[in-house]
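Novice: This is what each chain is made of:
Number of protein chains: 2
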Amino acid sequence: MGHLSELEVKGKSAKQAARKLATLSTTVKNQALVSMADALEGQWETILAANVIDIENGKEKGLSESLLDRLLLTQSRIQSMADGLRQIAELPDPIGEVLSTNYRPNGLEITKVRVPLGVIGIIYEARPNVTVDAAGLCLKTGNAVILRGGSEAIHSNTAIIKVIAQGAYDAGIPIGAFQLIETTDRQAVNDMLKLNQYLDVIIPRGGAGLIKTVVENSTVPVIETGTGICHTFVDESADLTMAQAIAYNAKVSRPGVCNSMETLLVHKKVADQFLPRMLSVYQQAGVELRGCPLTEKYHSAVKPASIQDWATEYSDFVLSIKVVADLDEALEHIAEYSTRHSEAIVTQDSNNAKRFQHEVDAAAVYVNASTRFTDGFEFGFGAEIGISTQKLHARGPMGLAELTSSKYTICGNGQIRE
Amino acid sequence: MGHLSELEVKGKSAKQAARKLATLSTTVKNQALVSMADALEGQWETILAANVIDIENGKEKGLSESLLDRLLLTQSRIQSMADGLRQIAELPDPIGEVLSTNYRPNGLEITKVRVPLGVIGIIYEARPNVTVDAAGLCLKTGNAVILRGGSEAIHSNTAIIKVIAQGAYDAGIPIGAFQLIETTDRQAVNDMLKLNQYLDVIIPRGGAGLIKTVVENSTVPVIETGTGICHTFVDESADLTMAQAIAYNAKVSRPGVCNSMETLLVHKKVADQFLPRMLSVYQQAGVELRGCPLTEKYHSAVKPASIQDWATEYSDFVLSIKVVADLDEALEHIAEYSTRHSEAIVTQDSNNAKRFQHEVDAAAVYVNASTRFTDGFEFGFGAEIGISTQKLHARGPMGLAELTSSKYTICGNGQIRE
Numbered sequence: 017m018g019h020l021s022e023l024e025v026k027g028k029s030a031k032q033a034a035r036k037l038a039t040l041s042t043t044v045k046n047q048a049l050v051s052m053a054d055a056l057e058g059q060w061e062t063i064l065a066a067n068v069i070d071i072e073n074g075k076e077k078g079l080s081e082s083l084l085d086r087l088l089l090t091q092s093r094i095q096s097m098a099d100g101l102r103q104i105a106e107l108p109d110p111i112g113e114v115l116s117t118n119y120r121p122n123g124l125e126i127t128k129v130r131v132p133l134g135v136i137g138i139i140y141e142a143r144p145n146v147t148v149d150a151a152g153l154c155l156k157t158g159n160a161v162i163l164r165g166g167s168e169a170i171h172s173n174t175a176i177i178k179v180i181a182q183g184a185y186d187a188g189i190p191i192g193a194f195q196l197i198e199t200t201d202r203q204a205v206n207d208m209l210k211l212n213q214y215l216d217v218i219i220p221r222g223g224a225g226l227i228k229t230v231v232e233n234s235t236v237p238v239i240e241t242g243t244g245i246c247h248t249f250v251d252e253s254a255d256l257t258m259a260q261a262i263a264y265n266a267k268v269s270r271p272g273v274c275n276s277m278e279t280l281l282v283h284k285k286v287a288d289q290f291l292p293r294m295l296s297v298y299q300q301a302g303v304e305l306r307g308c309p310l311t312e313k314y315h316s317a318v319k320p321a322s323i324q325d326w327a328t329e330y331s332d333f334v335l336s337i338k339v340v341a342d343l344d345e346a347l348e349h350i351a352e353y354s355t356r357h358s359e360a361i362v363t364q365d366s367n368n369a370k371r372f373q374h375e376v377d378a379a380a381v382y383v384n385a386s387t388r389f390t391d392g393f394e395f396g397f398g399a400e401i402g403i404s405t406q407k408l409h410a411r412g413p414m415g416l417a418e419l420t421s422s423k424y425t426i427c428g429n430g431q432i433r434e
Numbered sequence: 017m018g019h020l021s022e023l024e025v026k027g028k029s030a031k032q033a034a035r036k037l038a039t040l041s042t043t044v045k046n047q048a049l050v051s052m053a054d055a056l057e058g059q060w061e062t063i064l065a066a067n068v069i070d071i072e073n074g075k076e077k078g079l080s081e082s083l084l085d086r087l088l089l090t091q092s093r094i095q096s097m098a099d100g101l102r103q104i105a106e107l108p109d110p111i112g113e114v115l116s117t118n119y120r121p122n123g124l125e126i127t128k129v130r131v132p133l134g135v136i137g138i139i140y141e142a143r144p145n146v147t148v149d150a151a152g153l154c155l156k157t158g159n160a161v162i163l164r165g166g167s168e169a170i171h172s173n174t175a176i177i178k179v180i181a182q183g184a185y186d187a188g189i190p191i192g193a194f195q196l197i198e199t200t201d202r203q204a205v206n207d208m209l210k211l212n213q214y215l216d217v218i219i220p221r222g223g224a225g226l227i228k229t230v231v232e233n234s235t236v237p238v239i240e241t242g243t244g245i246c247h248t249f250v251d252e253s254a255d256l257t258m259a260q261a262i263a264y265n266a267k268v269s270r271p272g273v274c275n276s277m278e279t280l281l282v283h284k285k286v287a288d289q290f291l292p293r294m295l296s297v298y299q300q301a302g303v304e305l306r307g308c309p310l311t312e313k314y315h316s317a318v319k320p321a322s323i324q325d326w327a328t329e330y331s332d333f334v335l336s337i338k339v340v341a342d343l344d345e346a347l348e349h350i351a352e353y354s355t356r357h358s359e360a361i362v363t364q365d366s367n368n369a370k371r372f373q374h375e376v377d378a379a380a381v382y383v384n385a386s387t388r389f390t391d392g393f394e395f396g397f398g399a400e401i402g403i404s405t406q407k408l409h410a411r412g413p414m415g416l417a418e419l420t421s422s423k424y425t426i427c428g429n430g431q432i433r434e
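For the protein sequence lines, the chains are X and E, in the order given. Number 342 in our numbering belongs to position 326 of the first sequence; there are no gaps in the numbering. Number 196 in our numbering belongs to position 180 of the second sequence; there are no gaps in the numbering.
Simulated from the structure, these hints should not be mistaken for laboratory data. Careful, some of the hints might be misleading.
A pair holds if it fits inside one copy or across any two, identical chains being indistinguishable in the list.
Claimed, not checked - Calculated lysine-lysine pairs in the BS3-like style (CA-CA distance at most 27 angstroms, straight line): (1) Lys36 with Lys370; (2) Lys77 with Lys313; (3) Lys210 with Lys319; (4) Lys77 with Lys128; (5) Lys75 with Lys319; (6) Lys31 with Lys313; (7) Lys75 with Lys285; (8) Lys228 with Lys210; (9) Lys36 with Lys128; (10) Lys128 with Lys31; (11) Lys36 with Lys284; (12) Lys178 with Lys77; (13) Lys370 with Lys178; (14) Lys228 with Lys313; (15) Lys28 with Lys77; (16) Lys128 with Lys370; (17) Lys285 with Lys128; (18) Lys31 with Lys77; (19) Lys28 with Lys75; (20) Lys370 with Lys31; (21) Lys313 with Lys285.
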């Protein structure tokens, strides 16, 4: 039960710090973010030395090349982390923003004010950059943070948090604001998911397995981020040159991310014109093609798609393709298989565009643009903590405002209720 | 496993209805609300006949008088339910509201629009009025609803839902929008808490035990409503006549509700002046008094308070009282024992008022007013689905807007991401 007491000690400490964090001025928080960046730059060698241990252990464990690459730190990657903190310092502070003011007939003045959430738990995989990013975003929004990164990154994370926390504490941030769970066994995650006494919210950042574990086991409120089975529907009236550019970009530009397309839907009236060329372009880009029986006719490289294909987030150079009779069939297919992340229509018909945006239930619904734009930076938020695919609290890319709550402050002069 | 299939059938039906509900016009929804009210008024005798069975069964089971009173329907109570539906029809429709519009340098137009949550699960106790209220609020906000009321009210709820659903369906609401779980065994609640495939959110309405069960077992996102250990702090500079009126109102006007006061904190410098008279007034009102050692000196009726008293929501004519050294001690006590519902200070010192509102972490923080005002109607929302004591999604009284989510609709002309 060593981790339980670690969680309790750190939970309590974070909660105490959160009370003070909520009242800090913007200036103090911004100076601390810069101080954290300075500390990272000044102590990059310490961090790299710790990272070497993680990398060596990772190689011994046989981690894949891509996992090792995520885990690897370099001086320039540490510089990017520091730059990220300075960018967060430059963003507007959402805390204290007046969201509404309401004067009641009895004279009460009711003001809704933006406040921190309190203590945020972040559970993530072996990506040390998330440690810095999450710490910076939580500090800017006046939240204490409890971090639980992948065990393969434990030495890197321990070194990073020591460096940035000291930088922040030197600049006047209450001690306890940054907590890293150092116990690497999995039970610590399960215990963290039940830490309702100290945690106001848990945000999982990572793959489908991690998110599922958190959603299914957490009694603390969760913001679900994630999986994207995104569709692009090429309508009868589409500009087919535009459609090709969008469909190519949505699949090929970065297939490993959640906003990339997994299924292409094509109106049967443009399939003859559109599909032969489009499928060739995909094939040249190395995309494996799995299609419905109608699609198979258009290109020899197309293998038959199973029902399972419509329900799969490939996150890879694989695409499923379906020819549909009309917009209604496209909407039905999306309603059935969408994970409600990002969906697009390519059309020149404004009625169909409107229907699609009105009827598709997803965080981001595009007309004539690539689903790849679903991203906090592309949306102009200046930051991103993840992309929420749930409907409660936050939906779509989450910026600073999504790390906040609100409270009502009410001023009276002796009002009592009848 | 009969209830499992009932849940699945009704979950699927609700989800299908939700797609159509999301696109309904305000006019259709409002006409349906009026049609539901008409149906209630027209068929009150059918509902009363069903209620008689529940009341008789309740008496046989030995339900308390107060539970039987909550369960009891009368023609005038049914009329109140119908009036409530007509009031909901008159409120502005939040769905479709544009929350923000954002033009990006690349030409993308990003609009954030208010949309329904989808399917809302409501789990509540044996109060048939909640059935009508929840159905009306969910319909107005374009949500399908799955209701699970206390088993003691099953005949009443079944009759009510049949009447109002028919009224709504006759007015053009998609069939399936209203679902009542008819299985009365407790396992059905547990299964409902895992119904992630069909439910977007669960809102428990009821006592602490029900809420705890839901929070601890639900994998569906929950909006926690509820428990209120509310404090009133009488500061050194308080207008003591005002303080007495507020402290009396906060405790005595309706002690069974969550926004009533449980603990009175008094600055030691005004205790001599304030407490003897205040305690007598409470005693005359039949309030049982439990105080700290200093409080005990001021009135013979005061029994010693234990630490457990500070942590108890009495929901009754019982009050704990503590004399504190200063504002800091009051803030510490509140931070330790508050359930973050409603907290009040009575003071003439504007700095102390500001500090209290800034530093107290609660849904509603009052200066010179009774905590009893924390209520959707008193806040001017025109409706209330409950009072959220969590920080995610909704905090404080929840009106129609709190039953909604948002989505981004993005319009482009061929944008792709580099």
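Novice: Each of the hints needs a verdict: does it hold here or not?
Specialist: Evaluation of the provided hints:
With identical chains, the CA atoms of Lys36 and Lys370 are at most 27 angstroms apart between copies only, with a shortest distance of 15 angstroms across copies and 47 angstroms within one. Taking the shortest Cα distances, Lys77 and Lys313 never come within 27 angstroms of each other, neither inside one copy (45 angstroms) nor across copies (69 angstroms). Taking the shortest alpha-carbon separations for Lys210 and Lys319, neither the intra-copy value of 46 angstroms nor the inter-copy value of 37 angstroms comes in at or below 27 angstroms. Neither within a single protomer nor between protomers do Lys77 and Lys128 lie at most 27 angstroms apart by alpha-carbon distance, with minima of 52 angstroms and 46 angstroms respectively.
Taking identical chains as interchangeable, the C-alpha atoms of Lys75 and Lys319 are never at most 27 angstroms apart, the minima being 36 angstroms within one chain and 67 angstroms between chains. For the identical chains of this complex, Lys31 and Lys313 are neighbours neither inside a copy (62 angstroms) nor across copies (35 angstroms), given an alpha-carbon limit of 27 angstroms. Taking the shortest alpha-carbon separations for Lys75 and Lys285, neither the intra-copy value of 52 angstroms nor the inter-copy value of 68 angstroms comes in at or below 27 angstroms. For the identical chains of this complex, Lys228 and Lys210 are neighbours both inside a copy (15 angstroms) and across copies (13 angstroms), given an alpha-carbon limit of 27 angstroms.
Within a single copy, Lys36 and Lys128 get their C-alpha atoms as close as 20 angstroms, which meets the 27 angstroms cut-off; across copies the closest is 33 angstroms, which misses it. For the homomeric pair Lys128 and Lys31, the shortest alpha-carbon distance inside one copy (23 angstroms) is at most 27 angstroms, but the shortest distance between copies (33 angstroms) is not. In this homomeric assembly, Lys36 and Lys284 come within 27 angstroms of each other (Cα to Cα) only across copies, at 26 angstroms, whereas the closest approach inside a single copy is 61 angstroms. Proximity of Lys178 and Lys77 under a CA criterion of 27 angstroms is satisfied intra-copy only: 26 angstroms inside one chain copy versus 61 angstroms between copies.
Proximity of Lys370 and Lys178 under a CA criterion of 27 angstroms is satisfied in neither setting, with 51 angstroms inside one chain copy and 35 angstroms between copies. In this homomeric assembly, Lys228 and Lys313 never come within 27 angstroms of each other (Cα to Cα): the closest approach is 38 angstroms inside a single copy and 57 angstroms across copies. For the homomeric pair Lys28 and Lys77, neither the shortest alpha-carbon distance inside one copy (35 angstroms) nor that between copies (45 angstroms) is at most 27 angstroms. Only between protomers do Lys128 and Lys370 lie at most 27 angstroms apart by alpha-carbon distance; the minimum there is 15 angstroms, versus 34 angstroms within a single protomer.
For a Cα distance limit of 27 angstroms, the shortest separation of Lys285 from Lys128 qualifies neither inside one copy, at 53 angstroms, nor across copies, at 33 angstroms. Proximity of Lys31 to Lys77 under the C-alpha cut-off of 27 angstroms is found in neither arrangement, the shortest distances being 36 angstroms within a copy and 45 angstroms between copies. Taking the shortest Cα distances, Lys28 and Lys75 never come within 27 angstroms of each other, neither inside one copy (36 angstroms) nor across copies (47 angstroms). Only between protomers do Lys370 and Lys31 lie at most 27 angstroms apart by alpha-carbon distance; the minimum there is 22 angstroms, versus 46 angstroms within a single protomer.
In this assembly of identical chains, the alpha carbons of Lys313 and Lys285 lie at most 27 angstroms apart only when taken from the same copy (15 angstroms versus 89 angstroms across copies).
In summary, the numbered hints that this structure violates are 2, 3, 4, 5, 6, 7, 13, 14, 15, 17, 18 and 19.
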